[in-house]
Every structure is written in structure tokens, then in C-alpha cells.
Amino acid sequence: MGKVVLKVADDISTDIIYPGRFMATVLPTETPQFAFADHTDFNNKLKNNQVPKGSYIVAGQNFGCGSSREQAASCLKGWELTVIAKHFSRIFLQNSINLGLATVICPDILADEGDEIEIAGEVVRNVTKGKEFKITPLPKARQAIIDAGGLIPYTRQRLLMNKA
Amino acid sequence: MGMTYVQKVIAAACNRPTVAIGDVVEPEVHLAMSHENGALVMNQFSEIYKDTGLEARVWNPDRIAIILDHRVPAESSKTATNQKKLREFCGKQGIARFHDIRGDEGGICHQILPEYGYVRPGMVVVGTDSHTTSHGALGAFAFGIGATEMASVWTLGHILNVEVPGTIRVNVNGKLSPFVGPKDLILYLIGQLTAEGANFKVLEFHGDTIRSMSTSGRLVLCNMSVEAGATSGIVPPDTETQRYLREEAGVKDELQLMTPDVDAVYEKTLEINAARLDPQIACPHTVDNIKTVKEVANIKVDQIVIGSCTNGRLDDLAAAAQILKGKKIARGTRMLIFPASWRIYREALQRGYLSALAEAGAVICNPGCGPCLGVHQGALGDKEVALATTNRNFKGRMGNPNSEVYLCSPEVAAASALTGTISDPREGGR
Ligand code: SF4
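Residue numbers (our numbering), protein chains in the order written: chain S, 7 to 170; chain L, 114 to 543.
Careful, some of the hints might be misleading.
[Claimed, not checked] Distance ranges between label pairs, derived from CB positions: (1) Leu166(S) / Asp428(L): 46 to 52 Å; (2) Asp118(S) / Glu472(L): 27 to 33 Å; (3) Val375(L) / Lys137(S): 46 to 52 Å; (4) Ala170(S) / Asp136(L): 54 to 60 Å.
[Stated by the list, open to error] Here's a subset of chain L near chain S, in silico, CB distances under 10 Å, partners left out: (5) Lys163; (6) Gln206; (7) Thr245.
Hints in this document: simulated from the structure, not taken from any laboratory. What you are looking at is a predicted structure, and each value in this text was computed from that prediction instead of being measured. No residue lacks a Cβ here, since even glycine has one placed at the ideal position from N, Cα and C.
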């Protein structure tokens, strides 16, 4: 169980999640400080450790559209946030899977900042509102990468298999 | 059942006779492109090899291209260090298709790839840049991926877990009116589809407007296909594709020219009458916020930018120079020009376009991404308004979340420079 700490609209681009001017910073460990950097209130909360691990961002359609920058996924992963969106932009979703950022596709999600959320099997439960919303599962092949712990260990397995 | 163009490319790259839409496959990669973010790819690449006891070697150095373009010359010590690491990496791994900060071979990645003949019809091209969709203009299945995905490609030579995408067919017919071009066409289409209308899908372009369009124009269409969420934009190759590759890119080897089957199954088909199009403009802060230029005419503009991988080619500079030659840019408005490559820069110099633009008051910047992504040059002041031929107008894109960016064609940009306000090139801009 965790709280919704940020609710955002449709079409949130990676320029908003991780502004381009911080792109010289590349290592996954260095990126979390710039998550939603221009959303000063939220960024301050993150940096002052006021956002507990396991909290939720709730988004509309097409979350993560725009640039392919992976920093947009690693910066959220760094704070162990889960993103629930009506749906995601293709590259962002793949980057999240590759890096292990928890993403949930939930086309009908209704939630406000402060609501308590629980993921229970195939549904997102909004405890505060007393409602449940169905999750759209990821294709099986994506799940294999998640199960391996991300694309780096998955590729390493494949590499070793090829060499064996 | 027949196959779409992208199904055919993927099937060939998987060594299979056919693939169905939705199949999850692992096609061979023919070209893997990165720019400065190759520094992150390097990091993830060495993570993959960590504790394996194997030496980290890329699968095939001849299929990798690295182009420094996003921050050239380096704006900070951090960037310069990333660039240095990439230079050393390319040397060590034997990556010959490395385009450094140079006046002979440099430029924006999406211009360098076609210009040097690195992209051919039928290839699977991946790039750590969302506008990798550009290369569909030459009949490749080309799409953007993240850095970790690229590290995986560098290791295995295949891209894992590609879902064969469905295709939206776009038929464009009719003659574009004067001062209306490919940029107006793609802006109009994005407005129709919305920013997510083609998410996870391919846009396949057909029709007599496309057949008579130059490769430069097709690059504009495919470049911006991603702004409708498309995985890729593709123009099936034809005689123009061959002409471009032979005459402009110097390609000599045999070309593989596939076409979609006549009974291919499309998600839907859109029909556009190009003759009816007016100059279009994307208003702040989303690319699908499309209006006609007329609807927003007279808005004051502080900075005008002509360039980028979208509209920084020779025909774009020629169009702007033609409008501005012998005239002056309005006081209170500044104009920045950044050609898409140094080859274009040198040619525009020879043909007098650059001097015409500078004499009108424009600042000619070095080729590269420049002001497009707001990290390097040409940042905007608070509450300033920019009009740009680039491809994104998201809040903060040009370096300042308190500014506004409009997107348009080079013709609209140049006509607006004369008046200092957003202007229709068909009125007074000549
Ligand atoms: S010019 Fe702009 S859109 Fe094109 S590659 Fe550079 S930053 Fe990306």
C-alpha cells in the first residue's frame, strides 16, 4: 500500500520528467535528483525524502512521450516510485521494463493525490475511494525481462548462452 | 494474407518467410546509432559484461555509428568528458562510422546517416534517439530505443522483444500549393492523429504527393512521425530513393526494393488532399496542438530558429534565403540558423544562402542540435516566444519552462522574421 504523491495529465513528455538540460548526467545513480526538476514542489519533496519508497504517480494517457532518454525512467526508479498510467508511450514503457521501474497500465484509473493505493493481482485498488480498476497485463515477452531483473541481467544470460 | 512494408522488413531480418502483427520477434540489426548518449550506452554495455569473464567487444563495429551532435562544441566539462570517452571507445572497438566535431564530416545524426549512405531500404535501424524514425524515408524500419536496449544490441546484434507493429496507411494525393510543404503536411497529420494516435504503430506513406516528394521532404515526414507516437514512419522505396542513394549518398551496392503486398492489412487508411493544405503551426505546449498560421497570425516572436534534423537541409535554407534576401529581420526579433550538417553548411555557403541570411540579420550557428533541445545554445528568456522549424515544443524544450515554442515550416519562419510576428508566407512574406 502506498499513497499517490503526484497526479499528472495526459501526454507528459520526458522533457517534463527529466529536462534536457540535465542530460549530460547519465549514470542511473546520478539521475534521481533531477526527477520532475521543473516541478519544483515535487522535486523538493523527493530531495527532502518526504516521498516514501513505494509511492505512486498517477498519469493519464501517453505518459513518457517524446525523447528516448532513459534518464526519465532511471530518475523515477531511483526513488522506487510506481507509475500507474492509462497508457504509456512505447519507448518509455520499454525503458522502464529494461531498468526495472514499476509501471502499471490501467486504462480506467481514477485517483487523486493523497489517495491510498494497493496493487492486488490484476487490479489497482483505490482504498480511499473504495474502487477497483483492471490492469492491462504486459505481453509475456516483456515479463521475461522483468523476471530476469531487467535487460542487463537478461542480456547477460543470453550472452553466456550464446558463448556456451 | 499479405504483409505491410514493415512486416516484410522484419520477416527478412528474422529469416522467416512471414511475420504476423503482434508476433514478438528478435530481428537482426543492420545499423545501431548513438550520439552523446552513447556514453550511457557504454556504461550499460560494460555492466552487461561485468563478472562474465568475457572481454567487452561490440558484436560488429561496422554496424555501429556514433555521431557527436547534441552539444557541439562541448558546452561543459562533463559533456567534453563524455565525448572524449566515446572517441576513445570508437578507437578501441574499431568503430569507423564515428563522426566527431569536424567541419568536414560533422552534423546531426539523422542527417549524417542518410548523407553517408549508411541507411538502405530494408534495413532494421535502431538509434538511441526518438527521431530515428527519420530513416524510414529511405525504406528502413527505423526506431528509437533507450540506452540499455542499445547496450543489449551492441552485445547481441539483435533487438530483443520487438512486437511486429500494426500499420496505419496514409495516402496523400494532390499538389501542394506554393509556400506549403512537407512540414505543413506532417503537422496537419499529427493534428489529425493526436500525440498518441499512432502509439505502437507504423505510418506508411503513399500517394502521388509522396512519390513526387524529394528525400529531403520525406525525411521531414518520417522524422516527425514519432510526434504522433509512431514507432516508425516509412516511405516504401522508389526511384527517388534510388536517385538519392546513388547521386547524393554515393551508394554503389545493390539495393533491396520491397513493396507492401496489395492485400496487406492496415489498421486504418487515412486520405489527405495535399492541394487543400494551408500553412500549419503547432502551438504551445504540444505538437498536436495544430492550427493554421492564419489563426495565430500577429503573435509577436522573440526568437526564430531554422535548423534541426527536421528542417535544416539545403532546400530549407534555400527557401528561407529566398524570402529574406535583400531584406531585414524585424528589430526586436532574433534569428538563429543551424544547418543539419557541415556538408549542407558548405553548400549553402557556396550558393550564397548563408550570406543572404546573415545580411538580413540572422546568426549562423555551427551545425548540430543547437537550440533544439535547450541545453547548449539559443536558450529563451522568461515569457519569450520562439518560432522554430524543429520538431518539439514541449514545455521547457528550448531550455526555459517559462517560454513558449511554436513549430512551423522554414517558409513561415522566414516570413515571420520580416514582420517580427507570426506571418503567413503567402501574404507579404515575399
Ligand atoms: S536536432 Fe533536435 S530533434 Fe533532431 S536529433 Fe538534435 S535534439 Fe533531437
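Hints and how they fare:
Take leucine 166(S) and aspartate 428(L): their Cβ atoms lie about 50 Å apart, and the range 46 to 52 Å holds. Look at aspartate 118(S) against glutamate 472(L): about 57 Å separates their beta carbons, and that is not inside 27 to 33 Å. Checked against the hint of 46 to 52 Å, the pair valine 375(L) and lysine 137(S) passes, with Cβ atoms roughly 49 Å apart. Range check, alanine 170(S) to aspartate 136(L): about 27 Å between beta-carbon atoms, so the 54 to 60 Å window is missed.
Among the interface hints, the one on lysine 163(L) holds; its C-beta lies about 8 Å from the nearest C-beta in chain S, closer than the 10 Å criterion. Checking glutamine 206(L) against chain S by beta carbon gives a least distance of about 16 Å; that is not within 10 Å, so the hint is violated. For threonine 245(L), the shortest C-beta to C-beta distance to chain S is roughly 8 Å, which falls under 10 Å, so the interface hint holds.
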